[in-house]
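Protein chains in written order, with my numbering: chain A, 1 to 337; chain B, 1 to 405; chain C, 1 to 361.
Among these hints, one or two may not hold up.
[Claimed, not checked] Straight-line Cα separation of at most 20 Å, SDA-like style, residue types lysine to any residue; simulated pairs:
id, chain 1, residue 1, chain 2, residue 2
1, C, K104, A, R204
2, C, K95, C, R75
3, C, K95, A, Y116
4, B, K194, C, K122
5, B, K338, C, K168
6, C, K166, B, D336
7, C, K122, A, I212
8, B, K91, B, G257
9, C, K168, B, N339
10, C, K320, C, E301
11, C, K105, A, S202
12, A, K209, C, D170
13, A, K209, A, L243
Hints are computed from structural coordinates only; laboratory data are not their basis.
Values in this document were obtained by computation on a predicted structure and should not be read as measured data.
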Amino acid sequence: MKLALKGMRTLEMGGVSSAIKHSGVRRSVLAICLGLFIGSALLSTIPEAWGGGNPHHRYNERWGSISFAHPLGTDMNRKDVLTQLVFGAQTSLLMSTLSTFVFLLAGTVLGVLSGYCSGWPRNVVLAVFQVLQIFPILLLLLLSMIFIEMFFLGRMTNWNLVILMALFGVFSAPKLAEMIRGKILALKERTFIEAAVALGLSHRRIIGKHIIRSECLPIILVQGAYIMGQAIMVETTLTFLKLGVEYPVVSWGLMLRKMQDGMISWGMVIQQGFRYSWCWLRQTEDLNIIARDWNMGLADFHFQPLFPIMSIAGSAWLFLELARYFNDRLRLQDGRG
Amino acid sequence: MKKLISAMAEVPDGEMEDELLVQVEGLRTYISTPTGMVRAVDGVDLNVRKGKVLGILGESGSGKSVMARSILGLADNFPGVIEGRILFRDKGKVENLAHPLEETTLVELGSDGEICKISKDMKAWRKQIQETYRGIWGRKISMIFQDPQKSLNPFWTVGEQLVETVENGTSANMPETIRKWQDVVKWLKKVRIKKADDVIEAYPHNLSGGMCQRVMIAMALGGHPSLVIADEPTTGLDATVQAQIVNLLKSLQKRYGTTIIVISHDIGMISRLADDIAVMYCGQIVEHGPRKRMVDPQVEQKHPYTKALLESLLSVNCDPMRRMEGLRAIEKEVPDPKNPPPGCRFHPRCQVYQNWRTQEGDRGAGTRWLAQCPLKEPPLVKTAESSGIRCWHFYDEPDEESSHV
Amino acid sequence: MSEAIHHDRVLVRVEGLVKRFPKFEKRTVTAFLNRKKHMVSVLNRVNLTIQKGEALGLIGESGCGKTTFGRCILRLTDSTEGRIYFEGRDLLTLKPGEMRRMRKKMQMIFQDPYAALNPQMKVREILSEAVQVGTRLGQPNEQDNSRACDVASKLLDLIASVNLQKDKLDQYPSELSGGERRRVGIARILAVEPTFIVADEPLASLDASIRSQILNLLVDLKTEHGQTFLYISHDIGAVRHICDRVAVMYLGNIVEIASRQDVRPERCLHPYTARLLGASAYLSVGGPPLEPDPEDDGEVEVPEEGDPGCSYRFRCSRFKSLGKPNLCAEEKPKLETPPTPYGDTHRVACHYPNDENFSEI
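The task is simple: from the sequences and hints, build the whole structure.
Okay, here's the thing in structure tokens:
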């Protein structure tokens with residue numbers, strides 16, 4: 001018998017199926033990553049965990065390079081960059097958590113109401129949603145800042161940022177509300193909801209238990225994760241634009257503002273990369289020497305702004321993996337997987 | 001390495017080899033799922049007489065749909081068809097439709113005779129299947145699917161779909177396209193659709209279930225095939241519409257002499273339509289024979305499963321005064337196809353076996369072999385009264401035991 | 001024999017139930033503005049009475065409105081007109097809270113067993129939710145005084161009463177077979193202890209062997225627990241097995257109501273009933289052969305909205321054989337008791353019901 005051996009798939013009858021093994025390993029890796037992330041996020045809020053730290057302590061060196069004492073160097077005011085980064089992370093996380101909370105609450109409540117109720121108030125609310133979604137959120141925040149200053153507070157207190165982040169949550173809520181509304185409209189017709197009504201369950205229980213728990217939870221998680229990342233960016237932006245906190249509160253936006261003169265673009269990063277290789281060839285390690293050598297006017301080159309960006313990207317990735325994990329689990333429960 | 005050979009059922013009495021259109025021998029189709037291997041078709045032998053209707057009766061999970069798809073070369077899952085021959089006799093030529101198995105599949109047996117390893121080259125298998133069935137699909141063998149509204153293409157109108165498959169004897173001196181459309185109208189009238197012009201321009205979702213099924217029948221029979229496989233053609237339709245479809249199929253079959261294999265779980269429908277009936281349970285044929293003998297309540301020698309099916313049906317349809325006795329239900333559920341019971345697959349639910357087991361003293365006729373029920377699978381044998389039955393209760397030691405090995 | 005209707009034992013009484021759906025096929029603005037005029041009456045003045053402890057069967061083709069009727073009785077869909085009396089109280093006058101308490105007494109077995117269960121809840125959660133609702137709605141103040149162990153023991157009772165194994169409690173609906181899902185649905189209904197059950201095609205999509213088991217279960221519920229049933233189906237054999245009376249529905253009208261013994265091709269009065277029973281007998285083993293009616297094949301004509309005559313006349317071969325009498329086209333027949341030897345409770349809506357040589361298929 002001639003058998004084409006190329007491309008054969010073989011099946012051993014019996015034995016553990018690979019799919020189940022595979023998902024088990026993946027889940028434990030995910031659990032470990034999640035633990036690490038949460039742990040580090042919590043630790044970052046406790047300065048003592050980082051060996052104490054005062055973001056405003058001036059050290060000896062301006063623009064110190066990377067060393068053990070200063071893992072990210074020091075900035076132009078002789079302050080340690082890493083400590084500033086950690087304290088800034090506190091601010092960012094706090095603000096973005098507030099924002100996400102407001103977003104989820106407003107979005108879910110409004111979504112459920114607009115999905116369940118009928119009548120003209122619902123149409124008005126939906127129209128308002130549509131209008132809100134047209135404008136860029138940052139623009140809306142700036143406009144609302146003007147109104148707040150005019151009517152409520154004086155200029156420039158630290159509470160501005162709190163209000164603005166809450167408003168950011170509110171302005172982003174329509175998107176979530178519309179998604180939830182869509183899901184509710186789809187679910188309302190499903191037979192098991194009808195069966196729950198026939199059983200005599202009150203509407204409150206039907207919404208809470210069946211609708212939100214079953215279909216809306218993945219949406220809420222994914223949108224919440226996305227908004228958290230966005231909120232961090234928005235907080236940084238607002239502080240950079242002098243609409244947020246000021247010294248002595250530490251924030252990434254303030255760091256960026258200080259670094260304005262030293263901002264670089266990706267193109268410069270690539271060029272610096274070339275320089276790295278050149279200096280390796282030239283058997284030299286001091287980047288600043290190289291910079292001066294070539295005299296490109298970037299004597300104050302610093303890698304520092306890259307680090308927050310990379311950490312944000314990393315945390316966003318982790319959040320999305322988490323959301324995907326939940327989605328997978330729910331899909332398996334559904335039996336549709 | 002040796003091929004597994006199962007006991008073959010003999011050809012029914014009085015039939016000669018050249019009157020068979022399709023002969024399936026030892027077909028095995030397995031499906032690999034994450035939780036185990038499903039033995040969808042596990043050693044099936046079938047003989048389909050030319051010009052007659054064969055009905056395959058079985059509940060869901062018995063493997064009848066998978067078997068139909070295996071015959072048609074549509075069992076695309078891994079490992080799919082792993083063993084067997086499908087002999088198709090058409091115009092004097094005999095073709096084994098499962099011949100790609102020789103070059104692409106390798107089945108190894110363990111020491112106990114059970115399959116322990118299956119190797120298959122899926123890419124080469126699919127390619128060879130395409131080559132084998134190219135001239136067969138639609139022309140020589142066609143299929144009528146269940147759920148007609150979902151089986152028609154929802155993006156095309158009915159007319160556009162029919163135009164590809166039907167051909168009729170309209171005169172050839174017209175342009176090709178006009179001739180084709182006239183064929184379509186003629187076929188729609190043949191399946192008794194009155195407003196053919198409206199239906200041609202309709203989409204499947206505009207039509208009712210009965211109309212879609214008629215359209216599918218027109219599509220299937222339009223190419224004048226030798227064999228039509230109908231997979232649950234009337235499930236989900238109303239009783240009146242079902243009766244009309246059954247009548248339609250019967251009349252078309254008589255008119256064109258097409259061979260039909262009907263697959264269903266509806267005994268009533270099969271008893272109207274089929275000339276021969278085969279009963280499937282858990283991937284195997286447990287009984288087959290001519291229709292008259294299978295559904296006749298007087299005949300005693302029936303497989304316990306067939307008997308129980310008939311009883312659960314008859315008592316629903318007939319006398320309302322029998323309500324007090326309760327229906328004779330078959331206990332428990334259909335077994336998991338990944339893990340069929342050892343020995344005879346029906347024995348946990350078999351009334352005969354359970355009675356024999358609880359009453360130890362009964363050693364009457366036919367109980368000699370009942371001890372084998374949980375141990376060994378009974379072979380499909382021909383007995384004096386039936387053309388093929390797979391049951392230890394009716395097992396007779398054949399005279400020439402080793403004739404088929 | 002035929003059973004008289006005792007007025008003091010009536011559980012459900014439906015009067016003049018009408019349900020209309022809007023129908024506009026052309027998506028233009030004028031069609032949208034005129035949509036109130038283009039309505040389809042799915043239920044057309046239906047009157048029905050169900051007594052306590054009886055099982056009434058409702059048969060008809062798909063699309064005739066029997067499922068809608070069952071759902072309107074339970075107020076899962078709101079009817080356009082008409083009154084529904086349950087235990088003497090008009091359901092349409094109840095406030096939402098009272099209606100919810102009333103729901104405990106009337107339950108529905110849904111057609112699709114999988115869709116009726118929340119796929120993300122385990123069977124245990126589904127049933128304990130039902131048990132808690134049942135206890136809560138049974139208390140006057142809707143307090144939930146049940147303890148966890150009460151609920152757990154009740155769960156085991158429920159599972160045993162529908163013949164399911166205990167290990168099914170910890171599985172998801174997607175892991176159960178069709179018959180098991182159906183049984184979980186029935187267990188859920190029994191948890192609230194209803195008096196009236198609407199069974200919408202309870203045997204559809206089940207294997208033949210499982211069908212008998214479920215049917216036996218339903219018969220036990222009726223005979224041992226005295227449940228009242230409205231059994232909606234198009235499987236006439238099962239209906240005749242379990243039901244005391246059978247109503248036949250065509251296009252939103254009830255055309256015949258008869259007792260079990262009278263639902264046979266040779267004893268029914270309405271031509272549509274004869275056609276249904278003939279088709280169903282043809283599709284069973286050992287039934288008579290069927291003469292195909294060339295007129296009835298394919299699509300049938302449906303009367304327009306507001307047509308004053310009998311809606312069946314386009315398919316009625318009796319109409320044709322009598323030479324198309326004007327009475328059928330002008331006046332809609334009412335459901336009344338014709339003079340028959342069958343007794344007083346056999347009612348039919350036809351102008352020309354009785355005929356000795358009646359052979360209509």
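Tested hints:
no.	hint	result
1	C:K104 to A:R204	holds, 18 Å
2	C:K95 to C:R75	holds, 12 Å
3	C:K95 to A:Y116	holds, 19 Å
4	B:K194 to C:K122	violated, 50 Å
5	B:K338 to C:K168	holds, 19 Å
6	C:K166 to B:D336	holds, 18 Å
7	C:K122 to A:I212	holds, 16 Å
8	B:K91 to B:G257	holds, 14 Å
9	C:K168 to B:N339	holds, 18 Å
10	C:K320 to C:E301	holds, 15 Å
11	C:K105 to A:S202	holds, 16 Å
12	A:K209 to C:D170	holds, 19 Å
13	A:K209 to A:L243	violated, 41 Å
Checked against the numbered hints given earlier, this structure breaks hints 4, 13; the rest are met.
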